[in-house]
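There are 2 protein chains.
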Amino acid sequence: MTDLNKLGQNAAAVKSLLQTLSPEVKNKALCLAADCLVKEAEYLIAENRKDMETAEQNGMSSGLLDRLKLTKERIEAMAEGLRQIAELPDCIGEVMEAFERPNGMKIRKVRVPMGVIGIIYEARPNVTADAFGLCFKTGNAVILKGGSDALYSNLAIVRVLRESLAKAGLPEDAIQLIADTDRQTTVAFMRLKQYVDLLIPRGSARLIASVVENSTIPVIETGTGNCHVYVDKDADLDMAVNIIYNAKTQRIGVCNACESLVVHSAVREAFLPRLAAKLREKKVEMRGDERVLEILPDCVPATEEDFAMEYLDYILSLKTVDSAEEAIEHINRYNTKHSECIVTENKDTAEKFLTGIDAACVYWNVSTRFTDGFEFGFGAEIGISTQKLHARGPMGLKELTSYKYLISGNGQVRG
Amino acid sequence: MTDLNKLGQNAAAVKSLLQTLSPEVKNKALCLAADCLVKEAEYLIAENRKDMETAEQNGMSSGLLDRLKLTKERIEAMAEGLRQIAELPDCIGEVMEAFERPNGMKIRKVRVPMGVIGIIYEARPNVTADAFGLCFKTGNAVILKGGSDALYSNLAIVRVLRESLAKAGLPEDAIQLIADTDRQTTVAFMRLKQYVDLLIPRGSARLIASVVENSTIPVIETGTGNCHVYVDKDADLDMAVNIIYNAKTQRIGVCNACESLVVHSAVREAFLPRLAAKLREKKVEMRGDERVLEILPDCVPATEEDFAMEYLDYILSLKTVDSAEEAIEHINRYNTKHSECIVTENKDTAEKFLTGIDAACVYWNVSTRFTDGFEFGFGAEIGISTQKLHARGPMGLKELTSYKYLISGNGQVRG
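Residue numbers (this note's numbering), protein chains in the order written: chain B, 1 to 415; chain R, 1 to 415.
Isolated chain B, as found in the complex:
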């Protein structure tokens, strides 16, 4: 079994150095790491194939298989992600605020690394490189715990990244992988509070619930996305069909995919047959309430569970409402605070929706698929936060930092 305390000590030992590396040194190391990944693409794909074969034998769903797979293009994208991170401005040391108090003491609020970040994730090996890049750029050491499904892929990626650090004359322990994937090790990792400042779970709702239940380390919940598109009575119906088709089918295994359609009763007759015709192209199964079934008799009847479900598959639930208020209420009841969309030409209704919906990202006439650090222009992302503490929505570099106050004076004491 992995000696987690040893990993914690390794990370602690490199923390001070990482915190003080110059932007130039970090960026050079990131580009070198990118080059090494591309150079080792064949090795990475060969190791990934071992994981893919096991996953196929175990009957993994198509959505999850898609997440697991490494291709030359995806490795290029990983490397490009690291290069993009190198291009981004360095925020460590930034003076966020500076002010003076009446007693003459000067206060500066300065951005600093978190310290050591732990990441627990499932079958997405690209997270390994992303996580390293973002944590390294922000002066953090990272300890990764990937899923058993991606073990060979992750071991290979981490090996390449550690070798690239050594080549750059930097400490390999800036990135460490926990090689044991059993539950006991995972739970012990969640309690490594002495060494880990922040724990980020990425993966299924079950994984995230387990981290929330067990962790004593501060957590940022990420990723579970039961995302809705609401088609208002004043919607441009062509636009609505396009947005739902995109949000549902462009990539099904991702958290910002649409899982549920909410439709205003006034447009259901005009809209639902057009939508059904389009979704048939991708064989999307539709599960609707009674008023949807009146229009689409072939539709599967939806249960209460359907409205709460993140399918990550070619399935869509459909709910009819009689007002935008009812849509807001329905969505706030069933959503996971991730990404929600209204399609309408009515500005007032849109404003009501944007204000009333409790979610990280609320869209007006835009596909929910854009909830993503790259799409937001953050250069990359470590995950999509669905909690309200510290970070919400796509998390980029700044979300991996903290701050401290530096106060200077000439002997001030409190009266």
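Derived from the structure by calculation, the hints contain no laboratory data. Accuracy of the hints is not assured; some may be wrong.
[Said to hold, decoys possible] Stretch-level coverage of chain R by chain B, calculated; a stretch enters the list once three of its residues show a Cβ under 8 Å from a Cβ in chain B: (1) 97 to 107; (2) 234 to 242; (3) 378 to 391.
Ideal placement from N, C-alpha and C gives every residue a C-beta, glycine not left out.
Position chain R relative to chain B; hints supplied.
For chain R alone, kept in the frame of chain B given last:
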């Protein structure tokens, strides 16, 4: 036993309304609440006296008794705190960032309330009014769980505050107090994740450890302060005596009080006798390492535990070091990441200390007693965060908010 789900539902029911109250309505309600507290001072002091008598009978320490006590002046200060909060700018709805992406979608990052905030605290009844004021101003509902030592005081304060809300025509459930103070209720409260967005413990190290251990709600750790003052070889020794005297004795029962002195060996002979003479005025017990004992033979020998202790009493531990680096190492090993101070006239040494120390607030030639929301000019404070996630150091209004992204476009889909 309190029906915590009911309390959660009550808070949830007023959440949307609180979120949309205008600044004027909120500020008027805060001033009315302040007036009511002052008007009811005699009632509050009478109720507080019940708590004080029990506490004295139970042999509560002088530091804790000081925290518990309500006086006319402290009630005025509570009311003044609420009025100051009313004066502060309203940050809810603030557009924190606005940008457009190449595909034409417009993204706004907008400040929103957390929603429902839970606060678990011990024998400081002034927290009750502070917590209400800050949470209400930021559009949050608050559920409070005070200590059994302050039960009568807290019931009285919450009663006055709820009555003031009713007078203002606003929902009383903006503030709720859990009247049961048993451990079972407290632990159940820590798991009310369905309704509570953020949990803030304020109190002893033991309370905070219990919240970290048991909570499934995101937590901000606050308050435990094993604060150090390091007297460098280049220190102005008069300033050093003043700062330590202030940081140690001005108010002993608070988290930003100095608990430990670290002294450079080169100045121990010149400095320690002067310090001892000054601290004798307040009968401070000094516990030193061997090299301190050489200079101050009357000093109690310090143990390893002394260096890790938050005394909250007239006791000071003393450690000798041979360099600023050794001081930094010692402090980073034993501190609670709260407030640390260097006294030196050497700018380079000061910069090394400010960078190297891992704490929310690092002081150069200023007393640690200034780590406080009022002293920082935040208008009030809900606590001092000692963690790195979300908020660090004194927490004012903005630290009680989250944000969401609002994205608008004209039919953008992801390619």
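Here is how each hint holds up against the structure:
By the rule of at least three residues with a Cβ nearer than 8 Å to a Cβ of chain B, the coverage given for the segment 97 to 107 of chain R holds, with 4 such residues. Under a criterion of three residues with beta carbons nearer than 8 Å to beta carbons of chain B, the stated coverage of the segment 234 to 242 of chain R is upheld, 3 such residues being counted. Proximity of the segment 378 to 391 of chain R to chain B, defined as three or more residues with a beta carbon under 8 Å from a beta carbon of that chain, is established by the 4 residues found.
Consistency with the previously given hints is maintained throughout, with no hint failing.
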